[in-house]
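From first to last, the protein sequence lines are chains A and B.
Going by the numbering used here, the first residue of the first sequence is number 887, and it counts up by one from there.
Going by the numbering used here, the first residue of the second sequence is number 1353, and it counts up by one from there.
Warning: the hint list may mix true and false statements.
[As the list claims (entries may be wrong)] Partial list, derived from the structure: chain B residues whose beta carbon lies under 7 Å from chain A:
1. 1360
2. 1361
3. 1365
4. 1394
5. 1395
6. 1397
7. 1440
8. 1453
9. 1460
10. 1463
[Stated by the list, open to error] Below, in silico cross-link-like pairs of lysine to any residue (SDA-like), each with a Cα-Cα straight-line distance of 25 Å or less:
11. 959(A) - 1451(B)
12. 941(A) - 1448(B)
13. 1004(A) - 889(A)
14. 959(A) - 889(A)
15. 1004(A) - 899(A)
16. 956(A) - 1394(B)
17. 964(A) - 1451(B)
Treat the hints as calculated values from the structure; they're not laboratory data.
Computed from a prediction, not measured in an experiment: that's the story for all the values here.
Every residue gets a Cβ at the ideal spot worked out from N, C-alpha and C, and that includes glycine.
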Amino acid sequence: AQTVTQSQPEMSVQEAETVTLSCTYDTSESDYYLFWYKQPPSRQMILVIRQEAYKQQNATENRFSVNFQKAAKSFSLKISDSQLGDAAMYFCAYRSPLGGLYNNNDMRFGAGTRLTVKP
Amino acid sequence: SAVISQKPSRDICQRGTSLTIQCQVDSQVTMMFWYRQQPGQSLTLIATANQGSEATYESGFVIDKFPISRPNLTFSTLTVSNMSPEDSSIYLCSVEGQTADTQYFGPGTRLTVL
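Please model the entire structure based on the sequences and the hints provided.
Next comes the structure, spelled out in structure tokens:
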């Protein structure tokens, strides 16, 4: 079964600096989707970025970018020019394609990384 | 992305009672999902709800404890039955976006059971 591992329970970054959050996953599928979600104290889960495994190009959304290493099964999130509003729990998630090997349609989440931004 | 609302946003309940959580979407969606997030933990899928069929439950979750309704393509409810303090969690509903691989989440319902 697919598992998602976030090895950093907590991270801290200075405002305006860059931080990288790590995520690794385990799967036997060749095609799948990876996501980073942000959950601020308001608890609303917000999609930050999405990556399709068959695309080699790393996804980018403004100050957020990923380093997707398919062979290493690694999917890290880089936040540039960190802002106070970036402080939140960040969850890495994996999803199989519809009709995929595991025949499931849910998202598998990592344990999360709590990011603190220091002014 | 869809606009998703949940009611109630939070509640404090007594042991042994039941609470029904509502999830409303501003557009028609095929699949809706219910997740539980225990304090300080990640999200765990409870069940998948398709309109017009029985919900599909994940291992460790049963219909008697978490009955789900899905009467139409924009609405679903999750009931937490015969509650105990261990049910204290955030309950989130989610829906698939225009690309079926992506899910968007509601604001969650924070449940505290005394």
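Here is what the structure says about each hint:
1. At about 13 Å, the closest approach between the beta carbon of residue 1360(B) and any beta carbon in chain A exceeds 7 Å, and the interface hint on this residue is violated.
2. For the restraint placing residue 1361(B) at the interface with chain A, the shortest Cβ-Cβ distance is roughly 9 Å, beyond the 7 Å limit, so the hint is violated.
3. Taking 7 Å as the C-beta cut-off, the interface hint given for residue 1365(B) is violated, the closest approach to chain A being about 18 Å.
4. Below 7 Å, beta-carbon pairs count as interface contacts, and residue 1394(B) has one with chain A at about 4 Å; its hint therefore holds.
5. Because the beta carbon of residue 1395(B) sits about 5 Å from the nearest beta carbon in chain A, less than 7 Å, this interface hint is met.
6. Interface hint status for residue 1397(B): upheld, as the beta-carbon distance to the closest one in chain A is roughly 4 Å, under 7 Å.
7. Violation of the interface hint for residue 1440(B) is found here, the shortest Cβ-Cβ separation to chain A being roughly 14 Å, above the 7 Å cut-off.
8. A distance limit of 7 Å between C-beta atoms decides the matter here; for residue 1453(B) the minimum to chain A is near 4 Å, and the interface restraint holds.
9. For residue 1460(B), the interface hint holds, since its Cβ comes within 7 Å of a Cβ in chain A; the closest pair sits about 5 Å apart.
10. Restraint check, residue 1463(B) versus chain A: the minimum CB separation of about 12 Å is more than 7 Å; hint violated.
11. A C-alpha spacing of about 23 Å is found between residue 959(A) and residue 1451(B), which places the hinted pair at or below 25 Å, so the restraint holds.
12. Pair hint residue 941(A) plus residue 1448(B) holds up; C-alpha atoms about 21 Å apart against a cutoff of 25 Å.
13. Taking the CA atoms of residue 1004(A) and residue 889(A), the gap is near 31 Å; set against the 25 Å cutoff, the hint is violated.
14. Between residue 959(A) and residue 889(A), the direct Cα distance comes to roughly 11 Å. Compliance with the 25 Å bound is thereby established for this hinted pair.
15. This hinted pair checks out: residue 1004(A) and residue 899(A) have alpha carbons roughly 6 Å apart, not beyond 25 Å.
16. About 24 Å separates the Cα atoms of residue 956(A) and residue 1394(B), which keeps this hinted pair within 25 Å; it holds.
17. Taking the CA atoms of residue 964(A) and residue 1451(B), the gap is near 24 Å; set against the 25 Å cutoff, the hint holds.
Of the hints listed earlier, those the structure fails to meet are numbers 1, 2, 3, 7, 10, 13, in rising order.
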